[in-house]
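Q: Residue-level listing of the chains:
Protein chains: 2
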Amino acid sequence: MPLSQLKHERLGKTVALAVFASDPLSSVAYATEEILLVLILAGSAALSYSLPIALGIAALLAIVLISYRQTVVAYPQGGGAYLVARDNLGLPSALTAAASLLIDYVLTVSVSVAAGVDALTSAAPALRPHRVTLCIVAIAGIALGNLRGVRESGRLFAAPTYFFIVSILGMVGYGLVATAFDLLPEAPYEPHPPGLEGISLFLLLRAYSAGCTALTGVEAVSNGVQALKAPEGRNAQKVLTWLGVISIAMFLGITYLAYDFGIVPGGEETVVSKIARRVFGTGLPYFAVQAATMLILLLAANTSYADFPRLSSILARDRFMPRQFASHGDRLVFSNGILILSGFAIALLVIFGGETHALLPLYAIGVFISFTLSQSGMVRRWLRLKEKGWRWRMWINGIGAVVTAIVLLTLAVTKFKEGAWIVVVVVPLLVFVFIIMHRHYEEIAVELSLEGLEGPPQFQHTVLVLVGDVHRGVVRAVQYSRTLVAPTAAVRGVYVETDPARTHKVEEKWAKWGLGVPLVVLTSPYRSVLRPLLEYIDSIQSRGDDQMVTIVLPEFLPRKWWQHILHNQTALLVKGALLFRRNIVVADVPYLLRR
Amino acid sequence: MPLSQLKHERLGKTVALAVFASDPLSSVAYATEEILLVLILAGSAALSYSLPIALGIAALLAIVLISYRQTVVAYPQGGGAYLVARDNLGLPSALTAAASLLIDYVLTVSVSVAAGVDALTSAAPALRPHRVTLCIVAIAGIALGNLRGVRESGRLFAAPTYFFIVSILGMVGYGLVATAFDLLPEAPYEPHPPGLEGISLFLLLRAYSAGCTALTGVEAVSNGVQALKAPEGRNAQKVLTWLGVISIAMFLGITYLAYDFGIVPGGEETVVSKIARRVFGTGLPYFAVQAATMLILLLAANTSYADFPRLSSILARDRFMPRQFASHGDRLVFSNGILILSGFAIALLVIFGGETHALLPLYAIGVFISFTLSQSGMVRRWLRLKEKGWRWRMWINGIGAVVTAIVLLTLAVTKFKEGAWIVVVVVPLLVFVFIIMHRHYEEIAVELSLEGLEGPPQFQHTVLVLVGDVHRGVVRAVQYSRTLVAPTAAVRGVYVETDPARTHKVEEKWAKWGLGVPLVVLTSPYRSVLRPLLEYIDSIQSRGDDQMVTIVLPEFLPRKWWQHILHNQTALLVKGALLFRRNIVVADVPYLLRR
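In the order they appear, the protein sequences are chains A and B. When we follow our numbering, the leftmost residue of the first sequence carries the number 1, and every step to the right adds one. When we follow our numbering, the leftmost residue of the second sequence carries the number 1, and every step to the right adds one.
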C-alpha cells in the first residue's frame, strides 16, 4: 500500500469498533472463568463472591476507559503507552512501557489462540489431546496470512466481531429471560469439589486479579486513533464508550449466568461453553456461540501482527531496536517481525502446554504496567500544559493511574509464583537491551559524523584476480578488472600453487589469455590455498595504511541448486577468511553456466 | 605437514604393522561372538559347530591375505579397490568399489566404536544404559582430535596395538595351559537357551557369513603401501603375512576357548569379556584385556579418519565428488570430511541403538564387494600384462576373487533382511550420484574451455554506490569507487527515498561530501528499498548485453559479534536479491567501527 493511499482509507466508527474491539472484547471469553477458578479453591459456596468481584472489575474497566478517552483526544496521531510515557515521563518509563507492550503482544497471540482452541475443544472434546498442535497450526496460519500480505481489512474484521457480540449478548439475554420464566431444563449434576482453603482477603484479591484479564486489549484503540475518520479524537472517544458498554454488558452477563446456573469451573470445557450448553442445549445456537468465540479470539491474536511491527518500528526509529525494524517496505524486513512474534508465541504455548489458565498470570501484569504508565503520563501532561479544564482532566487520569497501579501491585503479589515473576524479570532485561542498543547507535552516529572530517581518505589500489585455473570464467573476471580499473591501480592475477606439476600449464594458458595482466604465483608448501594468499595480502598492506586491496573472485552461477555445492567452495573459503578485514574489498564476478 | 617432509617419514615394518593392524585385528573382538549368536538359535548343542566354521573363516582370511600380497607389490603407490578396479575393470566396477568403501569407512567408525563401548560396558555394566551417549562422546573425541590435527603417529598407534596382541594372545595361551592342567575354578552356571530352529545348511551359512566380519580391515594395508620404507611392496607383503598369522591365531584361540568353556553368547557381556573373566577372574589382567580391546577398537575407528578423506580426494580428483574434497591443505576443507564421516557414523549408531550386532550385517557386505572387485581386477591385470609368473599369480587372485564372490553372495542372501539390503540400495545410489557429478563437471569443462574463444568479452561499466545516509563510511566507499575506477566507467551514488522528508538533507550532505559523483534519487512509493534499485539496474542493463553493473555497498565492521545484527541488514537484503544475477558484481567496502 503506498503512503499516499493510506490517508484515504480511514475507518468509520462502526467498522472501527469491529477492528479495535476484537482484542478487548475477546477477553470476556476467559475472564469470568479465571475468577471462578480462584474462588472454587475455597469450595463451591465461595463462587457467589464472583458477583461483587465482577462489579469491581467492571468499575475498573469503566475508569480505565474514561481515562483513555482523554488520551485519544490528546494524542490523535496514536497514543500508545510508549509514546505517552516518552512524551511526559522520560525514557526509563517509556522503555518500561515498550518492553511490557512487546511482551504483551506476544502473549496476546499465545493466550488468544489457546483460548480459541479451548472454545473449539469444548465443542469437540475429541480434539483436546491435540491442543498444542492446533495452537501451532493456528499461529502458523495467521503468520502465513500476514506474510502473504493479507492486511486488516475493515469488512473482514467486522463480520466475526459483530457475530460474537450478537451471539454472546443473545445468549445472555435469552438466558436471563429463560431463567426468569423457568424455561430451562433441569441442570445436569456437576460434582462440587470441596474447598481446599478458607475464604480470605488474599483469595478474594487473587480472584480480582485473575478477573483483570478482562481489561486486556483496551490499549488497542489508543494505538490506532490515526486510522479513524476525522475528527479522529472525538470518534475514538465514541468507539471507546461503545466498547466499554458492550464489554461490561457481556462480562457481567456471563458472570451472572455462571453464578445463577451454579457453574463449576475447570475440567475440559470452558465456562462460556457450559453456559451456552445450558441455555441452548447442544444445538446449532450452541455451536454458533463457540464458533463466534473461537473466531474473535483468532482475530484478537491477529491484531498483534499489526501492533508488534508498529511498536517495533517506532522503537527502531528511536534507535532502541535494530534499524531494520524501522522500515516495513520490503517484505523480507516485515517478515522478520512476523516470524519473531510467531516464534515466541509458539514457544510460550509449547512451554505452557497450550493452557490458557497457565498463560494468563503472565498476560495481565504487562497490560497494567502500560496502563499505569500511560495514565501517569497523562497526569504529567495536564500538569505541564495546563490546557482548558486541566484540573478535572488530571483528576480523571490520576484516579485511573492510582487504581491501575494498585491493581498492578496486587497482580504482582498475588500472581508472582504463578508466572508473573517471568514478566518482572524479562521487562528490565528488555529495557537493558534497548539501552545497550541505543548507546551503540549513538556512539556510531558520533563516529560516523562528517563533522571534523578533513577530506576523503587516500587510497593506493591493488586488484587481485584469484586464479584457480585459466578458463572462460577467469578470462571474464580479468577483463572485468582490466577495463573497470583506472591505470593508477595495479591489477594482478594470483595463482596459489598447490600442485607444482600444474603450474607450468597455468602459466602457459595465462600467457595467452592473461590479457596483459601480470600473474603472481604463490608457492604453498602446506598445500593450503588460504595461507599464501593472506600472507601476500599482508605483504602488500604492510606498505602503508592507504593500501586498499580488492580481491576479484570469478564465481560460477550454476543452473540448478544442487550444483552449487560442486562449485565456488574455494571462493567461499576466501570470502570467509577476508570478511571483516580492514581495507579489503571482495568482488564476485559471476559467470553464468548454461547447464 | 609439507609435501617434501612426507617422503622422509616412512614407517618401519614393526610400526607399520601397528598402524595398519588396528583395523583388521580389532575385528576378532566381535567375530567369534557373531558366529555363536547365529548357532545358539539352534540351541547350545549347535555351538560346537563354531570350530569348523572358524577354521573355514581362517582359511578364507589366508586366501584373501595371500591374494592381497600380490596387490601390494603390483600397486606400491597404493592399491585400494577403487584404483585397482579403475585400472583393470573400468569405471562401473571402480565406482561400485568406491561406494562400498565409503560406506565401509562410515561403518568402521560406527561398528568399532559400538564394539569398543561393549568392551567397556562388559567390564562396567552400570554404564550400559548410556551406551549410545558413550558412542557419541567417543566419536566426538576422535573427530575433535582429527580436527585439531592429531595425525597418525606411529608410536602412538604401536603401544595399544601391541598391548592388544599381547593381552589377547596371553589370555589365549594361559587359557589353554590352564585348561590342560585343570587350573581354572568351576565355571559359573549359565542358562542354556533352548534351540528355536533345527541345524540347517542355511543356519551354518549364516553363521559363516556372520564370522566373515573377522576379515574387515584387511584393505587397510593395500591402501597404505606408500607409507612403508623401501622396498615398499616387499615390506607390505611381510606386514600382511604377520597380520595374517597373528589375526588367525587370535581368532582361532578365542573361538576354541569359547567352545571349550561352553560360553553362551548374548546378554550384557561380550564373549571376549566372558572368556577373559573365566581365565583371569575379575582381576587386573581381566581389566587389561577389556581396556586393550576398547583401545584398539577406538584406534580402528580412527583409521577411517585417514581413509575416508584419502579416497574422497582421489574421487574428487577424478571428478566424481565435489572438487573441494580434492585438496587437504586448508583446515576448513579437511574438516568437511571429518564432519561428514562423524555425522553419518553417529546417525547410524543412533538409528541402531548403538548395537554392534545390529550394525554388523551392513558392514561385511561392503568389505566383500571391494575384495571381489579388487581381486578380479588383479586377475585382469595378469591377463593383460602377462608379467613373469603371471599364470600362477592369476590363479592365486582368481581363487581369491571366486571365493570372496561366493561369500559376498552368501552374505547378501543370508543377511539381506538383517540390514544388508540397505547397502544393496545405497551402493547403486552413490554410484549414480558420482556419475551425475562427473557428467556435470565434464560439461562445465567443455563450456569453460578456452578453445574457440575469440576474444575477451566487452564491458560498459556502471558503478553504483548505495547510499542510505551520508556518513564517513559512505564517503569512504565513494572515494574508493572514484579513485579505483577508470574514467570510462560511470560512477553514481544511489539513494532510495523511503521517507521524502529526509531526501533534502541527504542531498545537501551529498553536495558537500559526494566528491563530485552524481547522486541518483529513486522514489519508492511502497517504501521498499529493493524494488526501485532493481528497476534502476534493469533500466541500465536493458541498454545491452555488455552492461556490467558494480554495486558498491558501504558496510560496517563492528567490534563485537552481537553488533552485527544492528548493522548491514539492508546490505544483506541487497546482496541476497542480486546474488546469482548476470553481469552484476557486488563489492563490500568495509568501514571499521572503533566501538
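None of these hints come from the bench; they were simulated from the model. Don't take each hint at face value.
[What the hints assert, rightly or not] Chain A is nowhere near these chain B residues, computed Cβ spacing over 10 angstroms in every case:
| no. | residue |
| --- | --- |
| 1 | LEU134 |
| 2 | LEU201 |
| 3 | ALA230 |
| 4 | TRP395 |
| 5 | ARG476 |
| 6 | VAL478 |
| 7 | LYS509 |
| 8 | VAL520 |
[Stated by the list, open to error] In silico contact screen, one side only, chain B against chain A (beta carbon under 8 angstroms); selected entries:
| no. | residue |
| --- | --- |
| 9 | HIS438 |
| 10 | TYR441 |
| 11 | PRO457 |
| 12 | GLN479 |
| 13 | ALA587 |
[Said to hold, decoys possible] Pairs of lysine-lysine, BS3-like flavour, derived with a Cα cap of 27 angstroms:
| no. | chain 1 | residue 1 | chain 2 | residue 2 |
| --- | --- | --- | --- | --- |
| 14 | A | LYS575 | A | LYS509 |
| 15 | B | LYS560 | B | LYS575 |
| 16 | B | LYS238 | B | LYS417 |
| 17 | A | LYS575 | B | LYS388 |
| 18 | A | LYS417 | A | LYS238 |
| 19 | B | LYS13 | A | LYS575 |
| 20 | B | LYS238 | B | LYS13 |
| 21 | B | LYS575 | A | LYS560 |
| 22 | A | LYS229 | A | LYS13 |
Ideal placement from N, C-alpha and C gives every residue a C-beta, glycine not left out.
Q: With reference to the structure, classify each hint as holding or not holding.
A: Hint check:
1. Distance check on LEU134 of chain B: its Cβ is at least 30 angstroms (rounded) from any Cβ of chain A, clearing the 10 angstroms threshold; non-interface status holds.
2. Distance check for LEU201 of chain B against chain A: the nearest CB is about 47 angstroms away, which clears 10 angstroms, and the non-interface claim stands.
3. For ALA230 of chain B, the shortest C-beta to C-beta distance to chain A comes to about 22 angstroms, beyond the 10 angstroms cut-off, and the non-interface label holds.
4. Listed as a non-interface residue, TRP395 of chain B keeps its Cβ farther than 10 angstroms from every Cβ of chain A; the least gap is roughly 39 angstroms.
5. With a least CB separation of 6 angstroms from chain A, ARG476 of chain B falls inside the 10 angstroms interface cut-off, contrary to its annotation.
6. Residue placement check: VAL478 of chain B does not keep its beta carbon more than 10 angstroms from all beta carbons of chain A (closest about 7 angstroms).
7. Against chain A, the non-interface label of LYS509 of chain B is violated: not every CB pair exceeds 10 angstroms, the least being about 7 angstroms.
8. Every CB of chain A lies more than 10 angstroms from the CB of VAL520 of chain B, the least distance being 18 angstroms, so the non-interface label holds.
9. Hint status for HIS438 of chain B: violated, given a least beta-carbon distance of 10 angstroms to chain A, over 8 angstroms.
10. Below 8 angstroms, beta-carbon pairs count as interface contacts, and TYR441 of chain B has one with chain A at about 7 angstroms; its hint therefore holds.
11. With its C-beta approaching chain A no nearer than about 6 angstroms, PRO457 of chain B sits inside the 8 angstroms limit, and its interface hint holds.
12. Look at GLN479 of chain B: its Cβ gets to within about 4 angstroms of chain A, closer than 8 angstroms, so that hint holds up.
13. Taking 8 angstroms as the C-beta contact cut-off toward chain A, the hint placing ALA587 of chain B at the interface holds, the least distance being around 4 angstroms.
14. Annotation: proposed proximity of LYS575 of chain A to LYS509 of chain A holds, straight-line Cα distance about 26 angstroms (limit 27 angstroms).
15. For the hint linking LYS560 of chain B to LYS575 of chain B, the alpha-carbon distance of about 22 angstroms falls within 27 angstroms, and the restraint holds.
16. With a C-alpha separation of about 39 angstroms, the suggested pairing of LYS238 of chain B with LYS417 of chain B is violated against the 27 angstroms cut-off.
17. For the proposed pair LYS575 of chain A and LYS388 of chain B, the alpha carbon gap of about 55 angstroms is over 27 angstroms, so the pair is violated.
18. Restraint check for LYS417 of chain A and LYS238 of chain A: the C-alpha separation of about 39 angstroms exceeds 27 angstroms, so the hint is violated.
19. Using a Cα cut-off of 27 angstroms, the hinted pair LYS13 of chain B and LYS575 of chain A is violated, with the two alpha carbons roughly 45 angstroms apart.
20. About 8 angstroms separates the Cα atoms of LYS238 of chain B and LYS13 of chain B, which keeps this hinted pair within 27 angstroms; it holds.
21. With a C-alpha separation of about 19 angstroms, the suggested pairing of LYS575 of chain B with LYS560 of chain A holds against the 27 angstroms cut-off.
22. At roughly 8 angstroms between alpha-carbon atoms, LYS229 of chain A and LYS13 of chain A fall within 27 angstroms of each other, so this suggested pair holds.
Going through the hint list in order, the structure does not satisfy hints 5, 6, 7, 9, 16, 17, 18, 19.
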